[in-house]
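Novice: Chain by chain, the residues:
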Amino acid sequence: MRKNVINLLARQLWQDAFRSKVMLIASILILFLLIFSAYSGWENYHDQNLTRDEIQDEVQDSWENNPDKHPHRMAHYGSFALRLKHVLSVFDLGMENFVGNAVFLEAHKQNTVNFSEASMSTGLLRFGEVSLAMLLKVIVPLLLFYLGFATIAQERENGTLKLLIGQGVSRKEIVFGKWLGLWGLSLIFLVAIFLVLLFFVFLESHNSMYFDSLFRYLVLLISYLLFFGVLSAITILVSAFSITAKSALIKLLGIWLLFVIIVPKSLQAMGFYLYPTPSKIEMETAVEHDLMQLGDSHNPDDPHFKALQDSVLLSNNVKDVADLPFNYGGFVMSKGEALSAAVYLKHQTKLYNVYEKQNNLERYSAFVNPYSAIKNLSMAFSGTDFQSFLHFKDKAEAYRFNLAQEMNRLQMELIPNKGKAGPDKISNDYWKQFPPFEYHFLSISDVFKNELISLIALLLWSILAVFGLLRLSTNLKAI
Amino acid sequence: MYSLLFKSFFRTKIFMVSLILLLTVGIISIFIGKQYLIKQEKTIAAAQVFQEESINKNLEYHSEDLGLLLYYLRFTLIKKPENISAISIGQSDINPLLQSVTIRALEAQKYDNDFENPSLLMSGNLDLGFVIIYLFPLVLIAMTFNLYSEEKELGTWRILAAQTSSKAQFLFKKLVVRFFFVFGVLLFLLFFASAILQIPLNQNFGGIFIQSVLYLLFWSALSFWMVSLQKNSSFNALALISIWVVLTILLPALVNNYVINTYQIPEALDAMVEQRDGYHEKWDLEKDATMTDFFKTYPQYKNYEVAEDQFSWIWYYGMQFMGDFEAKDTSAEMTEKIMLRNTVSEKIALFVPTMHVQLSFNTLASTDMVSHLGFLKALTEFHKNLREGFYNSIFDNKSSDSVGLENYEAKFYESELHIDWLRLILPILLFTVLIAIFSLVNLRKL
Numbered sequence: 031m032r033k034n035v036i037n038l039l040a041r042q043l044w045q046d047a048f049r050s051k052v053m054l055i056a057s058i059l060i061l062f063l064l065i066f067s068a069y070s071g072w073e074n075y076h077d078q079n080l081t082r083d084e085i086q087d088e089v090q091d092s093w094e095n096n097p098d099k100h101p102h103r104m105a106h107y108g109s110f111a112l113r114l115k116h117v118l119s120v121f122d123l124g125m126e127n128f129v130g131n132a133v134f135l136e137a138h139k140q141n142t143v144n145f146s147e148a149s150m151s152t153g154l155l156r157f158g159e160v161s162l163a164m165l166l167k168v169i170v171p172l173l174l175f176y177l178g179f180a181t182i183a184q185e186r187e188n189g190t191l192k193l194l195i196g197q198g199v200s201r202k203e204i205v206f207g208k209w210l211g212l213w214g215l216s217l218i219f220l221v222a223i224f225l226v227l228l229f230f231v232f233l234e235s236h237n238s239m240y241f242d243s244l245f246r247y248l249v250l251l252i253s254y255l256l257f258f259g260v261l262s263a264i265t266i267l268v269s270a271f272s273i274t275a276k277s278a279l280i281k282l283l284g285i286w287l288l289f290v291i292i293v294p295k296s297l298q299a300m301g302f303y304l305y306p307t308p309s310k311i312e313m314e315t316a317v318e319h320d321l322m323q324l325g326d327s328h329n330p331d332d333p334h335f336k337a338l339q340d341s342v343l344l345s346n347n348v349k350d351v352a353d354l355p356f357n358y359g360g361f362v363m364s365k366g367e368a369l370s371a372a373v374y375l376k377h378q379t380k381l382y383n384v385y386e387k388q389n390n391l392e393r394y395s396a397f398v399n400p401y402s403a404i405k406n407l408s409m410a411f412s413g414t415d416f417q418s419f420l421h422f423k424d425k426a427e428a429y430r431f432n433l434a435q436e437m438n439r440l441q442m443e444l445i446p447n448k449g450k451a452g453p454d455k456i457s458n459d460y461w462k463q464f465p466p467f468e469y470h471f472l473s474i475s476d477v478f479k480n481e482l483i484s485l486i487a488l489l490l491w492s493i494l495a496v497f498g499l500l501r502l503s504t505n506l507k508a509i
Numbered sequence: 045m046y047s048l049l050f051k052s053f054f055r056t057k058i059f060m061v062s063l064i065l066l067l068t069v070g071i072i073s074i075f076i077g078k079q080y081l082i083k084q085e086k087t088i089a090a091a092q093v094f095q096e097e098s099i100n101k102n103l104e105y106h107s108e109d110l111g112l113l114l115y116y117l118r119f120t121l122i123k124k125p126e127n128i129s130a131i132s133i134g135q136s137d138i139n140p141l142l143q144s145v146t147i148r149a150l151e152a153q154k155y156d157n158d159f160e161n162p163s164l165l166m167s168g169n170l171d172l173g174f175v176i177i178y179l180f181p182l183v184l185i186a187m188t189f190n191l192y193s194e195e196k197e198l199g200t201w202r203i204l205a206a207q208t209s210s211k212a213q214f215l216f217k218k219l220v221v222r223f224f225f226v227f228g229v230l231l232f233l234l235f236f237a238s239a240i241l242q243i244p245l246n247q248n249f250g251g252i253f254i255q256s257v258l259y260l261l262f263w264s265a266l267s268f269w270m271v272s273l274q275k276n277s278s279f280n281a282l283a284l285i286s287i288w289v290v291l292t293i294l295l296p297a298l299v300n301n302y303v304i305n306t307y308q309i310p311e312a313l314d315a316m317v318e319q320r321d322g323y324h325e326k327w328d329l330e331k332d333a334t335m336t337d338f339f340k341t342y343p344q345y346k347n348y349e350v351a352e353d354q355f356s357w358i359w360y361y362g363m364q365f366m367g368d369f370e371a372k373d374t375s376a377e378m379t380e381k382i383m384l385r386n387t388v389s390e391k392i393a394l395f396v397p398t399m400h401v402q403l404s405f406n407t408l409a410s411t412d413m414v415s416h417l418g419f420l421k422a423l424t425e426f427h428k429n430l431r432e433g434f435y436n437s438i439f440d441n442k443s444s445d446s447v448g449l450e451n452y453e454a455k456f457y458e459s460e461l462h463i464d465w466l467r468l469i470l471p472i473l474l475f476t477v478l479i480a481i482f483s484l485v486n487l488r489k490l
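Heads up: the protein sequence lines correspond to chains A and B, in order. Under our numbering, think of the first position of the first sequence as 31, with each following residue one higher. Under our numbering, think of the first position of the second sequence as 45, with each following residue one higher.
These are computed hints drawn from the structure, not numbers from a lab. There could be a bad hint or two in this list.
What the hints assert, rightly or not - EDC-like mimics (lysine to aspartate or glutamate), calculated; alpha carbons at most 16 Å apart, straight line:
hint, chain 1, residue 1, chain 2, residue 2
1, A, K99, B, E194
2, A, K380, A, D424
3, A, K423, B, E85
4, A, K425, A, D459
5, B, K442, B, E453
6, B, K124, B, E104
7, A, K310, B, D321
8, A, K455, B, D158
9, A, K380, A, D320
10, A, K99, B, E325
11, B, K346, B, E425
12, B, K372, B, D332
13, B, K83, A, D326
14, A, K336, A, D326
15, B, K428, A, E318
16, B, K101, A, D332
17, A, K310, B, E85
18, A, K376, A, D331
19, B, K346, B, E325
20, A, K310, B, E330
21, A, K387, B, E160
22, A, K380, B, D353
23, B, K86, A, E312
24, A, K310, B, D328
25, A, K99, B, D314
26, A, K380, A, D326
27, B, K372, B, E330
28, B, K275, B, D332
29, A, K423, B, E330
30, B, K101, A, D424
31, A, K376, A, E318
32, B, K86, A, D332
33, A, K139, B, D156
34, B, K381, A, E187
35, A, K99, B, D353
36, A, K455, B, D353
37, B, K101, A, E468
38, B, K372, A, D340
39, B, K86, B, D158
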């Protein structure tokens, strides 16, 4: 392969593209969409995080400024966890608007994360959202097909392909020249969007997760580079194996519709159909049922808590719970909290396993549909996938559990038993000592672990693309 | 003439492909709707059992203290499911079908969501509405984009032109044949859906039917207009797909981003905090601080003594009431803003047929935001009636037998819908007629 010939062919493809009206219209459209989605993405990220940060601080202030009181009152007073957006959510909105944003953390109860944007939106949300990633995932591929469908098929129809080969240009040079040209064309959009994104990442450089963000950014950039390489190869291959340019276009449009619009949605729907999930009320019933079996702290005759009481009395060598060296109420509640949290988590894990099965149908389709691979990778590294949400939810639940148990501990140690002398309040210094809720995003190594399938699929696709082009180089038909 | 055109159309590859695609995906979507209805039924059954069991269980432990008993008991209001919602699932997978609430502050319970896989919420449901809005236009495009150009490119146009009296009429007839085929498939799918999903053939169903037919007419007119420009096949395919992308993906998404960003709702989070503080801070205040405001709303309880140094249920439920009371204004603002989002979306949708059809499908199927807000309003009323029904007995320390808890079953809420036919039909009809006129003008030059 001669480098200068390949360069020449690639450059020629660029010239043709820039002469066409499609490129002009597309560039204007993409520019408009880029400005719009960068602006609206940043505005959304910035405003939402500002509001949530403010409320999180406010909540912490009111927690610390509570007067002296019984610790269990504070356990019920509770706190809130507000979900912060990752700076890269400016790039890919992912599930951002479909998951909840705030959760009330109180003793005895795992509340749902509420107020998702979707729950406050109209049916329009289902048409999708415009984001920088959406442009790269959905619009640019279509554009690439528009710009590339004619590359080889048209030259063959015109007879120029025969001429080229006759002039001593090898088939390999033609194939790779055209491929690099088309890939290069897609990089114009990629570079434009990623430059804008880099600016946003820099804007948040004060963030403690700055290097993590940069790393995520890099992975996204490489993933999209590969994705466009694969798409360009598909375009060249379809164009080469079609008799006319027209039929190449129809095939490519079909591929786009099928793989970007119809298949991902159908597979997600099939997952829902194949693996039904319980509703909240069903799960709550199951949790309550399990708890009754294990031990119901509300039931005075419950065998589990009766046995617990007996063993505590025995080990402390007293006859009445009031004589115990610690507050018995606090003790029972701490045991009850541990028990109910464990049971709830068990059922929740089961539910999430079903979700995973539902999602896996689409996830594994990445091996036949490169769009699925980039879709999942893009969300995950932008911190807007389901796992990122679960990570937040787990942290919030851990904080809730600690808060409840810390208040139970304070009650056990500082509040006297019923009928004994002593204060029924403790100093509000204890509230100030309890650390505020601080959220750190999923570590990048975890993201890699979560997205292993998508990464492997994208790499395989890249290899397959090169392999396909090499095959084409040997049997490209000139006429 | 028509029978010949039908025959030649039935022989094309695109006919078979379209038929198979629409029927398979259409039937799958109907069964997905069925699954969705079954899930709703199961949820409702579970809620009914839950309520009964939890009343019985709590009666066992806490029957001596009505105030405490009602602290635990949850009462369910269910939005009566309509089978037609399976055609256009809309927002009903995001917004819960039912809410089980205690008589404590409602604001903290009202917005609890049900469990649903966010990936599914994001990708949206594959319901019949989706098939009609997204796939039918694609099939129409695929069948009509080369109506004229194909004959031209194959060289058959000259022969035809010599043999037919009116070339425009000939093209129009070809279009009519394709439209009737798609119309037939639509008719079949809608009636199949009505049979499988047991949807009554009422006004709402009629609305969806008319809207679907108009929508198909709109796309036929659009394709025909493209044909009337007499460009080559590749151009037509490219242009029509681009129009499809703009109408079904880009424009709605742009509007959605705009609406979400312009009308942000921080009030939702504010109300949540206000409710908690409104209730909890009363624990640290003089009891009068609670009772004065409570008695303002409920003067009939003024003669109850509330001792300063002793816990009493009237004070406790007074505090709970204050939680809702203090969040009331912010909560109302939040609802107003959601309504505003809805109004703005609907107004813009009048100019974009895809959006208009989606939103009106949701309205007709009672799966839109307005319908959910109606449910939330009913829930507030339901909660108020519950509380007020129990207040006397709790404050009088009556026994739990006296309130007849066994009669409290899960209740259903039925929404009422007024269809504005003109608003439903007119926008899309106007667009269709307008585009049809443009195409006819173009074809006169043929």
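Novice: Of the numbered hints stated previously, which ones are contradicted by the structure, given in increasing order?
Specialist: 1, 3, 4, 5, 6, 7, 8, 11, 12, 13, 15, 18, 19, 20, 22, 24, 25, 26, 27, 28, 29, 30, 32, 34, 37 and 38
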